[in-house]
Amino acid sequence: MDATITLTVDGRERTLTVDTRTTVLDALREHLDVTSPKKGCDHGQCGSCTVLLDGRRALPCLALAVAHDGADVTTADGLATDGELHPVARAFLDADAYQCGYCTPGQVCSAAAVLAEAGEGWPSAVTPDLDAERVTLDRSEIAERMSGNLCRCGAYANIVDAVASVAGTDGGAR
Amino acid sequence: MSTPEMLTPRAMGTPRRRVEGPAKVTGTARYAAEHPLDRPVHLHPVLATIPRGRVTAIDTSAAEAVDGVVAVLTTRDADALADTSDREFTVLQDDEIGFRGQYVGAVLADTPEAAREGADRVEVTYEQDDFRAVLDPDAGELYAPDAVNPAFATDSVIGDADAALGEAEVVVDATYTTATTHNNPLEPHSSIVVWEPDGGRFTIFDSTQGVSTTRSNVATVFGMDEADVDVISPHVGGGFGSKGNLHANVVLACLAARRVPGRPVKYPLTRQQMFSLVGYRTPTIQHVRLGATREGRLSALVHDVVEQTSRTKEFAEQTATYSRSVYAAPHRRTTHRLDMLDVPVPSWMRAPGECPGSFAAEVAMDELAVACDVDPVELRIRNEPDADPETGKPFSSRHLVECLRRGADRFGWSRRDPTPRARLVDGWWSGTGVAASAYPTNRSPGSGATIRYHRPAADGAEHWDVEIAAADIGTGARTVLGQIAADALGVDVDTVEVTVGDTAVPPATVAGGSSGTASWGSAVVDAAQRFRAKYGTDPSDGDEIEGATPENDWSEHYAMSAFGAQFAEVLVHADTGEVRVPRMLGVFAAGRILNPVTARSQFIGGMTMGLSMALHEDSVMDPRSGHVVNHDLANYHIASCADVGDMDAEWIDEEDPYVNPMGSKGIGEIGIVGAAAVVANAAYHATGVRVRSAPMLVDHFLD
Ligand code: FES
Ligand code: FES
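Going down the list, the sequences are from chains A and B.
For the record, in the first sequence the residue sitting at position 80 is 80 according to full-length UniProt numbering, with numbers rising by one throughout.
For the record, in the second sequence the residue sitting at position 609 is 609 according to full-length UniProt numbering, with numbers rising by one throughout.
Simulated from the structure, these hints should not be mistaken for lab results.
A few of these clues could be false.
Derived list of chain B stretches under chain A, where covered just means 3 residues or more per stretch with a C-beta under 8 Å from a C-beta of chain A [claimed, not checked]:
{"id": "1", "region": "72-78"}
{"id": "2", "region": "216-226"}
{"id": "3", "region": "505-517"}
DEER-style ranges, computed between Cβ atoms [said to hold, decoys possible]:
{"id": "4", "chain 1": "B", "residue 1": "Arg-423", "chain 2": "A", "residue 2": "Asp-69", "range": "52 to 60 Å"}
{"id": "5", "chain 1": "B", "residue 1": "Glu-578", "chain 2": "A", "residue 2": "Glu-133", "range": "30 to 38 Å"}
{"id": "6", "chain 1": "B", "residue 1": "Gly-140", "chain 2": "A", "residue 2": "Leu-62", "range": "22 to 30 Å"}
{"id": "7", "chain 1": "B", "residue 1": "Asp-373", "chain 2": "A", "residue 2": "Glu-133", "range": "49 to 57 Å"}
{"id": "8", "chain 1": "B", "residue 1": "Thr-419", "chain 2": "A", "residue 2": "Pro-123", "range": "38 to 46 Å"}
{"id": "9", "chain 1": "B", "residue 1": "Leu-697", "chain 2": "A", "residue 2": "Arg-134", "range": "53 to 61 Å"}
{"id": "10", "chain 1": "A", "residue 1": "Gly-119", "chain 2": "B", "residue 2": "Glu-578", "range": "42 to 50 Å"}
{"id": "11", "chain 1": "B", "residue 1": "Ala-457", "chain 2": "A", "residue 2": "Arg-134", "range": "35 to 43 Å"}
{"id": "12", "chain 1": "B", "residue 1": "Gly-536", "chain 2": "A", "residue 2": "Arg-12", "range": "33 to 41 Å"}
All values reported here derive from a predicted model rather than from experimental measurement.
Quick reminder that beta carbons are idealized off the backbone N, C-alpha and C, glycines included.
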């Protein structure tokens, strides 16, 4: 069965007809040629497809497209504004926080969301004070919050450096 | 022979960010399955559900009735392949099943959903034979392969190790095991294949560690001229060996493409399919015996390995070769024996041989240090050989001792109390450990490179094209080859543009054996030297020349390896047995480091994969079904961000003119060598519990 839906992808409204079994990830990659979100597992286990779905990080391989008619999707590509890289993307370049690059767009989207979540006081499993208004993104907070994004190249140490540099918790190391 | 001349480093050795970085952090770099082609056909395979036997019937009618299905391929109707000598590549040619998860069919459809539904509806009937799928030295006939990967002697014997063990003052005699592990690059193996029937050409967008290898293998299997197979692979989402050899998935996609001439067939593997079709590391059982004086000087070193191979195709991991070159001992023996099973074909996984072999060898050395009451850093220094212990050749350069000393210094080793199970802080036992790393320095002949000069008339700025069908699988090859070319030509690195990953440019050897930069870089240097010899310093627009990787005559005279020392701090929870690794440091001696940014990433990437092997990785084979039961990333655990603490790598400056004109040694694999051992050794120091298997489990630490 097919359905026609509209998605706003990186600021552009796109109307498309999909099989009702199509995930948001396949809608992006196979229907709209938006391949910034990567497919590493298709089961919500690796994080490489991470995008911002209506402003929050989400795994589009676990979301059916028909259930997200009208949604707003921002990919790592769409995080750039006026041709300028997002500060997180810039920090990934500076820290060499990637190797093959396949997990990277997902890492960048996740990191952008982590900064916002911490700013809003969302606690994680390692947050000492659950009622704090803001969470300081020290290394253990960053590592914990970025652990849904696997990197087989093993860039984790540099990923934490990159996120800490944007969060301002790297002591100016970079 | 006089000492060979090395390139003067100007761009080499300077930190340079990856040239394709902006495309990777935005996701606009196109990986194999992402090339936009019109009207693709999606492929979903049908996999054997028995481990051994044969297909007796296939009913495709329900699949063909699915809306959107274009074609169904099975063992009954696939095109005949020209070369069926390699059973791994003999896809859909007969009804025999050699392992569970083997291809028995494929459904092609206009959408991925229809292809998957169609594949579900193919009804296959089997006749199953008796089988064995789990390594068991007592159940089968172990045999000695003719050679171990790629062409090392199966056994090596020097002196009389048994007699020396009998006379030794101290003996360590223990068996170590490592689990089956799967490479699991984050980008699944993927291809898009177009068959042009006019003239008979394949165009293959592939995720591969070597486009030239894919081209020649496909040409052989299909009986075609290599020139009629184009392979394009600009970006590769990791491989770690599993994309080094051709695997059956590409053959299947090519067979499918012939069924729908002119239409691109798109086949990205699912994560689950990667557990049976694209290689893995064999489990190992390693019996190590060390004989030594009370001061810890080795008199005997024996490393006997049992591991598995597949009835479909032999692969013999060279696990004991690590023990052939690292420590001095007058009496030594290494052996490899295989158990042939009805399982998927094992293959290369990062540092085949050295990775599992170093786990056994380096934990055994830690046991010897404890038995002799000698500091484990000092023990390794005491057993440093003057020359390669087996061949007697001098090392072209070897700085293991310096790595150990530098690492010990930086890690604060001198403050270490050797007593095990002596530090309990907040419920965590804490300890530290050391292990050595080594990986051979390889360079393969067979690569070419083109250098072309441009001087656009308008502004007169010069520009150089460097073209070689190398692979950048995340190593930074594209960036580093530009640095090499700049120094070989004596030009500004920003004027050099490098093209890799395309059979339209001169062929290159595979990104494997940590040989890529050495092999490809040598071809680039050769081309640069020929260019200058022919055109001098004032070339004309469009001048170009081709070069090739020369043989290295020095490898007959010298043993060549990179070395390193790894240190780790481990915490083991006293009540739960949870293992954490808050600190890990690697110090390496690997020739000239051509790009400190990408090199450090490769070192810590290897160390992280070793940490992952120590803590998590374990493909669980079901003996009743021949199936890896934990065949996805929720159940096959790899290290995540929170597993990694303070991790760093550094290196000592090493001049080695004999390895290649850049003076560089391969660095893609050495980081994983010794990494699992150092975690196990630190865990022993923390808890007093000697774990002789990887991965370590919480059970090991609980009474
Ligand atoms: S592809 Fe979505 S989490 Fe792996
Ligand atoms: S950069 Fe390769 S998986 Fe993360």
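List of violated hint numbers, smallest to largest | 1, 2, 3, 6, 9, 10, 11, 12
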